[in-house]
Amino acid sequence: MNARITLATAARILRQLRGDHRTVALMLVVPCVLLGLLAWLYADSPVDVFDSVGPALLGVFPLVVMFIVTSIATLRERTSGTLERLLTTPLGKGDLMLGYALAFGVMALVQAVVASAFAVWVCGLGVAGPLWLLVVIAVVDAVLGTALGLLASGFARTEFQAVQFMPAFVLPQFLLCGLIVPRDRMPGVLEAVSDVLPLSYAVDAMKDVATRTDPLGDVLPSLGVMLVWIVVALVLGSLTLRRRTP
Amino acid sequence: MTDDAIVVDDLRVVRGGREVIPGLSMTVPRGEIVGLLGPSGGGKSTLMRAVVGVQVVASGTVTVLGEAAGSPALRRRVGYLTQAPSVYADLTVRENVRYLARVVGADAAAAERAIAAVDLTDHADARAGALSGGQLSRAGLACTLVGDPDVLVLDEPTVGLDPVLRRDLWRIFRGLAADGRTLLVSSHVMDEAVRCDRLVLLRAGRVLSDSTLPGLLERTGTTDAESAFLALVDADDGRAVDPPPEGYRGRHAGEGS
Ligand SMILES: Nc1ncnc2c1ncn2[C@@H]1O[C@H](COP(=O)(O)OP(=O)(O)OP(=O)(O)O)[C@@H](O)[C@H]1O
Ligand SMILES: [Mg+2]
Numbered sequence: 001m002n003a004r005i006t007l008a009t010a011a012r013i014l015r016q017l018r019g020d021h022r023t024v025a026l027m028l029v030v031p032c033v034l035l036g037l038l039a040w041l042y043a044d045s046p047v048d049v050f051d052s053v054g055p056a057l058l059g060v061f062p063l064v065v066m067f068i069v070t071s072i073a074t075l076r077e078r079t080s081g082t083l084e085r086l087l088t089t090p091l092g093k094g095d096l097m098l099g100y101a102l103a104f105g106v107m108a109l110v111q112a113v114v115a116s117a118f119a120v121w122v123c124g125l126g127v128a129g130p131l132w133l134l135v136v137i138a139v140v141d142a143v144l145g146t147a148l149g150l151l152a153s154g155f156a157r158t159e160f161q162a163v164q165f166m167p168a169f170v171l172p173q174f175l176l177c178g179l180i181v182p183r184d185r186m187p188g189v190l191e192a193v194s195d196v197l198p199l200s201y202a203v204d205a206m207k208d209v210a211t212r213t214d215p216l217g218d219v220l221p222s223l224g225v226m227l228v229w230i231v232v233a234l235v236l237g238s239l240t241l242r243r244r245t246p
Numbered sequence: 247m248t249d250d251a252i253v254v255d256d257l258r259v260v261r262g263g264r265e266v267i268p269g270l271s272m273t274v275p276r277g278e279i280v281g282l283l284g285p286s287g288g289g290k291s292t293l294m295r296a297v298v299g300v301q302v303v304a305s306g307t308v309t310v311l312g313e314a315a316g317s318p319a320l321r322r323r324v325g326y327l328t329q330a331p332s333v334y335a336d337l338t339v340r341e342n343v344r345y346l347a348r349v350v351g352a353d354a355a356a357a358e359r360a361i362a363a364v365d366l367t368d369h370a371d372a373r374a375g376a377l378s379g380g381q382l383s384r385a386g387l388a389c390t391l392v393g394d395p396d397v398l399v400l401d402e403p404t405v406g407l408d409p410v411l412r413r414d415l416w417r418i419f420r421g422l423a424a425d426g427r428t429l430l431v432s433s434h435v436m437d438e439a440v441r442c443d444r445l446v447l448l449r450a451g452r453v454l455s456d457s458t459l460p461g462l463l464e465r466t467g468t469t470d471a472e473s474a475f476l477a478l479v480d481a482d483d484g485r486a487v488d489p490p491p492e493g494y495r496g497r498h499a500g501e502g503s
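Just so you know, the protein sequences line up as chains E and C, in that order.
Residue 114 in the numbering used here is what sits at position 114 of the first sequence, and the numbering runs on without skipping anything.
With positions in the second sequence counted from 1, the corresponding number in the numbering used here is that position plus 246.
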C-alpha cells in the first residue's frame, strides 16, 4: 500500500462523483426530504415522536446510501475493465479499499452536515448533546456503509445482484436496529443478533447524542464497535478481491 | 537472463469449465513487436491476461523480464491495454490519464505526452463517455503509455481506427521498440501483420505458426497475411488447401503491392 496511490484513488472517485451532479444532489436532498416528511407526519401527535425517531434515521441514511453507491461503483469498475487494468499496476488492494472509504467519508461529511442541520434547524429536532458528535457518528456510519458495500460487491456478479444486496445486507439491520421495536423488547435471539449488527450501534449512538447532555461516554463504545466492523469488512473485502480471475 | 522479454512455457488455462489454452509455449524477444493474430475466441485475450498476471492459470509458467508474470516487481514495468476500453466514462481524458500516471508514479507532463501521442490533445477535457469509439480506445492506450513501461501488452489497440491513425500509432509502437521496449499486440486486421517483427497465429489456444511474415508467406506459399492465415487454418482442419477462386486471389494480389 502506498499513500500517494490511495489519495489519488480517493481523489479520482470524488472527481467521478463531482461530475455526476444528480447523484450528489440525491445524496444530499433525499435524507432531508425524508426527515422533513417524517417531522410532518408526526406534527400533530401529542408526544414528540420525531425526537426519538429522527436521530435513528440520521443513523440509517449514511449507511444505506453509501452502501448502495459503493457497491454499484465498484461493480462498475469490475465490469468495465478499469479494475482489471488497475490490478496490473502497483495499486494495492488496500489502496483501492481505503481510497473508496476516504472518498465516501468526505461525501458523508457533507451529507451529515446538511442532514443534521436540516433536522435540527428546519424540522426542530431536539438534540441534547453536541451537534458535532452527530456529524462524527454519521461519517463513521457512512464509512461503515462503504466498507460493507465493498465487501458485498465482491459477491455480486451483475448489477441486478448488487442492487439486491441492499435489501439483503441492509434491511435486516434496519428491522433490528431498534427503530421499529426497541432493542430491549425484542425476542432474546433477535436482540442477540441486533447486538452484533453494526447499524444498531449507529442508531444507539445517535439516540444517545439526542437524549443526553454529556453522551461521549456512551457514544465512544458504539463508535468502537463500528470501527471494528469497518476494519473487518475492509480486510474481508481485500481478501475477496483477487488479482487473478478465472 | 535470456534475451526474451516474455517466456510462456506449457501454459494451460481453463475458463468457464473449458480448456481454452491446452498447453502453449512461446517467447517474445526483447525489443521486438510480436503480433498476436487469430480467430475470435482463439485465446488471444486469455494469453495476454496470463502475461500481465490477471488470469488464473491451471498449469505452466509465464515469465516476464525474468520474473513470474504478475509479480509485484513487474507492475511498474508492464503496461496492459484491455480489449474493452477501460477508462472511467465519467472523467475527462486528462483526468483518466493523470490518475493512471499517479498510480504508476509518472508526472503530469508524462500524462500530457501520452495524450499527445494518441492525438487526443484537442479532446483532453472531453468526458470519456462523450468520445467516439476510436477516441475512447485511444484514451485507454494513453493510460497504458503514460507509465512508459518496458513491456506493453496491447489487446487490439487499433480496432476501429482509420488508416491514418493506425499508421501513427504503429509509428509510436515502432519507436517504443526501437527504444528497447517489447510489445505484444493482438489484432484482427491482417494488414497490420506487416508492421510486426514476428507473428504468432493462435487458434483454439494453440500456436498455429510463430515466425516472421516473410517466413510465414514462404511456408504457406501465399502473398499476404490473410491468405497465409486462411491456408494455415484450412491445413489445421485437415482440409486440402484449395487454390482460392480467381477473382478472390486477384483482389488480394492487387492489395498486397
Ligand atoms: N470470462 C470468461 N469466462 C469463461 N470463458 C471465457 C471468458 N472469457 C473468454 N472465455 C472463453 O475463452 C476463449 C478465448 O477467449 P479470448 O477472449 O481469449 O479470445 P480472443 O482470441 O481474445 O477473441 P477475440 O478476438 O474475439 O477478442 C473463448 O472460447 C471464450 O468463450
Ligand atoms: Mg480478445
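Heads up, a few of these hints could be off.
Claimed, not checked - Derived list of chain E stretches under chain C, where covered just means 3 residues or more per stretch with a C-beta under 8 Å from a C-beta of chain C:
#, region
1, 80–93
2, 165–173
Said to hold, decoys possible - Counterexamples of contact, computed for chain E against chain C with all Cβ distances above 10 Å:
#, residue
3, Ile5
4, Leu34
5, Ala43
6, Val106
7, Val110
8, Gly124
9, Pro130
10, Leu131
11, Ala156
12, Arg157
13, Phe160
14, Val181
15, Ala192
16, Val228
17, Ile230
18, Val235
These are calculated hints, taken from the structure and not from any lab test.
For each residue, glycine too, the CB sits at the ideal point set by N, CA and C.
Going through the hints against the structure:
no.	hint	verdict
1	80–93	holds (count 11)
2	165–173	violated (count 0)
3	Ile5	violated (5 Å)
4	Leu34	holds (26 Å)
5	Ala43	holds (40 Å)
6	Val106	holds (17 Å)
7	Val110	holds (19 Å)
8	Gly124	holds (38 Å)
9	Pro130	holds (37 Å)
10	Leu131	holds (34 Å)
11	Ala156	holds (18 Å)
12	Arg157	holds (13 Å)
13	Phe160	holds (20 Å)
14	Val181	holds (42 Å)
15	Ala192	holds (40 Å)
16	Val228	holds (29 Å)
17	Ile230	holds (24 Å)
18	Val235	holds (20 Å)
The structure does not agree with the numbered hints 2 and 3 stated previously, though it agrees with the rest.
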